[in-house]
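Chain order of the listed sequences is A and B.
Per UniProt numbering, the first sequence starts with residue 1, numbered consecutively.
Per UniProt numbering, the second sequence starts with residue 1, numbered consecutively.
Since the hints were derived computationally from the structure, they do not count as laboratory data.
Some hints could be false.
[Unchecked claim] If we take Cβ atoms under 8 Å as the criterion, some of the chain B residues that face chain A in the derived model are:
no., residue
1, S54
2, Y81
3, S97
4, P101
5, T124
[Stated by the list, open to error] Listed below are the simulated PhoX-like cross-link pairs for lysine-lysine, each with C-alpha atoms no more than 25 Å apart in a straight line:
no., chain 1, residue 1, chain 2, residue 2
6, B, K328, A, K130
7, B, K369, B, K71
8, B, K244, B, K45
9, A, K130, B, K331
10, B, K227, B, K369
11, B, K382, B, K432
[As the list claims (entries may be wrong)] From the derived model, a few chain B residues whose C-beta atoms are all more than 10 Å from chain A:
no., residue
12, A78
13, L79
14, T80
15, A96
16, Q99
17, A305
18, D367
Beta carbons are placed, not taken as given, at the ideal position from N, Cα and C, and that holds for glycine.
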Amino acid sequence: MTGRTGYLVGAVCVAISTVMLLPLVYSMLASIKPTAEAAATPPTYLPHGVSLDSYRRLWDYQEGLLTYLGNSFGTAVLTIVFTLLLTVPAGYGLSRFPIPGREVIFVVLLLALIIPYQALLTPMFLMFAKIGLTNSLVGLAVLHTSIQLPFSLYILRNTFAAVPREIEEAAVMDGAGSLQILLRVFLPPTVPAVVTVTLFAFITSWNEFLGALVMMSSSAKFTLPVILATARTETSLGGTDWGMLQAGVTISIIPCVLVYLLLQRYYMAGLMSGAVK
Amino acid sequence: MRTRQRLSLLTVAAMIGVTGCSQGTEPTESTAEQNVAATTSCAGKGELTMWERSGGNKDMVDMLVAAWNTKNPDCKIALTYIPHTEMVGKIAQGIASGQVPDLMGMDLIYAPQFEKAGQLVDLTDRIRAWPELATASSGHMTVATYDQRLYGVPLYADVSALFYNKDLFKRAGLDPAEPPTSLSELRSYADKITALGGDVKGYYLPGNCAGCNIFTVGPLMWASGAKIEAAGPGDEPLVGDGVKQVLQFERDMVRAGNVHDGDRTENGETFHLQFGSGKVGMMGTGNFNITLARQQNPGMDFGIALLPGVAPNSSASFIGGDLVVVPKGSKRVNDAVNFMKFLLSDDVQVEVYAKALNLTTRSDMVDNKYFQAEPLVQDVAKALTVGRTPYTLTFFEQINSPQGPWLKMLQRAYYSDDDLDAVIADAKKEMKEIAAKS
Numbered sequence: 001m002t003g004r005t006g007y008l009v010g011a012v013c014v015a016i017s018t019v020m021l022l023p024l025v026y027s028m029l030a031s032i033k034p035t036a037e038a039a040a041t042p043p044t045y046l047p048h049g050v051s052l053d054s055y056r057r058l059w060d061y062q063e064g065l066l067t068y069l070g071n072s073f074g075t076a077v078l079t080i081v082f083t084l085l086l087t088v089p090a091g092y093g094l095s096r097f098p099i100p101g102r103e104v105i106f107v108v109l110l111l112a113l114i115i116p117y118q119a120l121l122t123p124m125f126l127m128f129a130k131i132g133l134t135n136s137l138v139g140l141a142v143l144h145t146s147i148q149l150p151f152s153l154y155i156l157r158n159t160f161a162a163v164p165r166e167i168e169e170a171a172v173m174d175g176a177g178s179l180q181i182l183l184r185v186f187l188p189p190t191v192p193a194v195v196t197v198t199l200f201a202f203i204t205s206w207n208e209f210l211g212a213l214v215m216m217s218s219s220a221k222f223t224l225p226v227i228l229a230t231a232r233t234e235t236s237l238g239g240t241d242w243g244m245l246q247a248g249v250t251i252s253i254i255p256c257v258l259v260y261l262l263l264q265r266y267y268m269a270g271l272m273s274g275a276v277k
Numbered sequence: 001m002r003t004r005q006r007l008s009l010l011t012v013a014a015m016i017g018v019t020g021c022s023q024g025t026e027p028t029e030s031t032a033e034q035n036v037a038a039t040t041s042c043a044g045k046g047e048l049t050m051w052e053r054s055g056g057n058k059d060m061v062d063m064l065v066a067a068w069n070t071k072n073p074d075c076k077i078a079l080t081y082i083p084h085t086e087m088v089g090k091i092a093q094g095i096a097s098g099q100v101p102d103l104m105g106m107d108l109i110y111a112p113q114f115e116k117a118g119q120l121v122d123l124t125d126r127i128r129a130w131p132e133l134a135t136a137s138s139g140h141m142t143v144a145t146y147d148q149r150l151y152g153v154p155l156y157a158d159v160s161a162l163f164y165n166k167d168l169f170k171r172a173g174l175d176p177a178e179p180p181t182s183l184s185e186l187r188s189y190a191d192k193i194t195a196l197g198g199d200v201k202g203y204y205l206p207g208n209c210a211g212c213n214i215f216t217v218g219p220l221m222w223a224s225g226a227k228i229e230a231a232g233p234g235d236e237p238l239v240g241d242g243v244k245q246v247l248q249f250e251r252d253m254v255r256a257g258n259v260h261d262g263d264r265t266e267n268g269e270t271f272h273l274q275f276g277s278g279k280v281g282m283m284g285t286g287n288f289n290i291t292l293a294r295q296q297n298p299g300m301d302f303g304i305a306l307l308p309g310v311a312p313n314s315s316a317s318f319i320g321g322d323l324v325v326v327p328k329g330s331k332r333v334n335d336a337v338n339f340m341k342f343l344l345s346d347d348v349q350v351e352v353y354a355k356a357l358n359l360t361t362r363s364d365m366v367d368n369k370y371f372q373a374e375p376l377v378q379d380v381a382k383a384l385t386v387g388r389t390p391y392t393l394t395f396f397e398q399i400n401s402p403q404g405p406w407l408k409m410l411q412r413a414y415y416s417d418d419d420l421d422a423v424i425a426d427a428k429k430e431m432k433e434i435a436a437k438s
């Protein structure tokens, strides 16, 4: 790449980044505006004053911000655990064991991708109500897991299938059982794919709104997206506390950005390994 | 093979473990418990659960629940706010699955739909003998009644009125003690205030908010003798000359430059903040705006009058707010009824509603020490006497929907040159079609 081309590519990258980052920056700036300024029409682009009032209101909002952060985080962690517990063995089995009709089984499992989960919410809610899984973080994590399963299975099954068969055969010759082969032979080289699945499960669960709204019926169990929707229509006749809403948006972005930045290296490798089988 | 089975079992065990963490269900209220006389205290023990929509009068509801919880420490209400756009679906789903709260607050306008669908507990035999109901807000009690059965009592009341900025009145040479009493006065006062220039306008018109308009423009039509919604199949909506007169009045206001250009996009999200900005001479808004405007603009002097009609001294108001009702499947109906009794008690009416400068939900409680010290609340309380609440099973579809005929009609009237008779005829046709399906 010549110097001039490099500058051009750099300028395009900066322009795209600016477009992508501007809403986030604007949201963050709105969250530190004084209350009256945050609600002003027409809005100001840069804060004329700095205030943490919006964060204070959010901190004390209903059950308190920590409750909602805890619920969101707990649900996301459970979703990751359930997803990995189900899809690692399933991906391993579907890629390596001579199960009759395994391709058909795999395709059937992937079919869930084409059905919007919103369409399944009501029957799932009624089913969960019968077995007492509504208004429970565990139940919500199960729902989020079901949303995440097809994509995770697709990534892991294809990644496991790409592991050279010779390595597996060598392990068998050394007397390793199936579980040992999975844990010691298959998982180490497929860590990027597992991380990818983890990352997607986290972000899906962290951001999911409708399922959480439907499944949860008490304020103490709400997750961050639900409470932000509640806060959006905080005042009479549907008025919005813009400052508090933007404070919530800013806080809800932080974990996603952190997790992404920490796992970015694995994530890129994992996505590619699953995609090119 | 054994390991593979172990893995499968692990997966199944995980799901069973998940199920094992679930909650059980409680028994429902026995028939014998249903005839207990209501009191203002809790009869049972244990937490009561209550849902309320967000976007209502949250401060008021919080205070009412706090007052109950102080009086009933062994029977506190756990209050959950549901995003108001999702409330109707959430309730319907909860009732279908039996996962309902013990009681709930509900936007009064949607109550008839739930009553008709049999999704609320019929409270007639428990509450009809209460003397407090004789003076309970008539608008609330109208929509709390279906087929002569009672399903709830008022939780709080919002009424619309004309707020006017006395500072701007003085600057424009108008008498702040003489607010407009007819649409023609409203127009001429608005012209004078707009003439002050700068970013001050004489009037405010929420251009993209169906709910704001039925709350504030609807009463102008009622005060002018018109009828708006179709109550049911076969009923004629948009009847009376007042409809066209008010639409023409609003169109003229817009054309005269008496409203800010930005008002056209107002979808309700900043409606409540407009009057407190100090840049609007007069606007229809609700009693909730008294406290809010003072917080926003402590130095602003303002007054409250009734929303006028075409004829001098005609007036009307929209009575809105919430009802407290009991969803089918509630396990604590008696205690929910006790909470209703508590809400209507003299003490709560004065020491909670009035003390917080919110409207009392009983008209005989308006004359109290807190309102006497606050003339603005007295002024806005007068709206209760001329107020009404529309009664239709299709309020959302006819009126409140952003895609509904009400808002479409208003927007064409305000911002286009379409013939007003055609505009009204189109809306009328659509409203009748909606009502015919109810």
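Please write out, lowest number first, the hints stated earlier that are contradicted by the structure. Violated: hints 5, 8, 10, 11, 12, 13, 14, 15 and 16.
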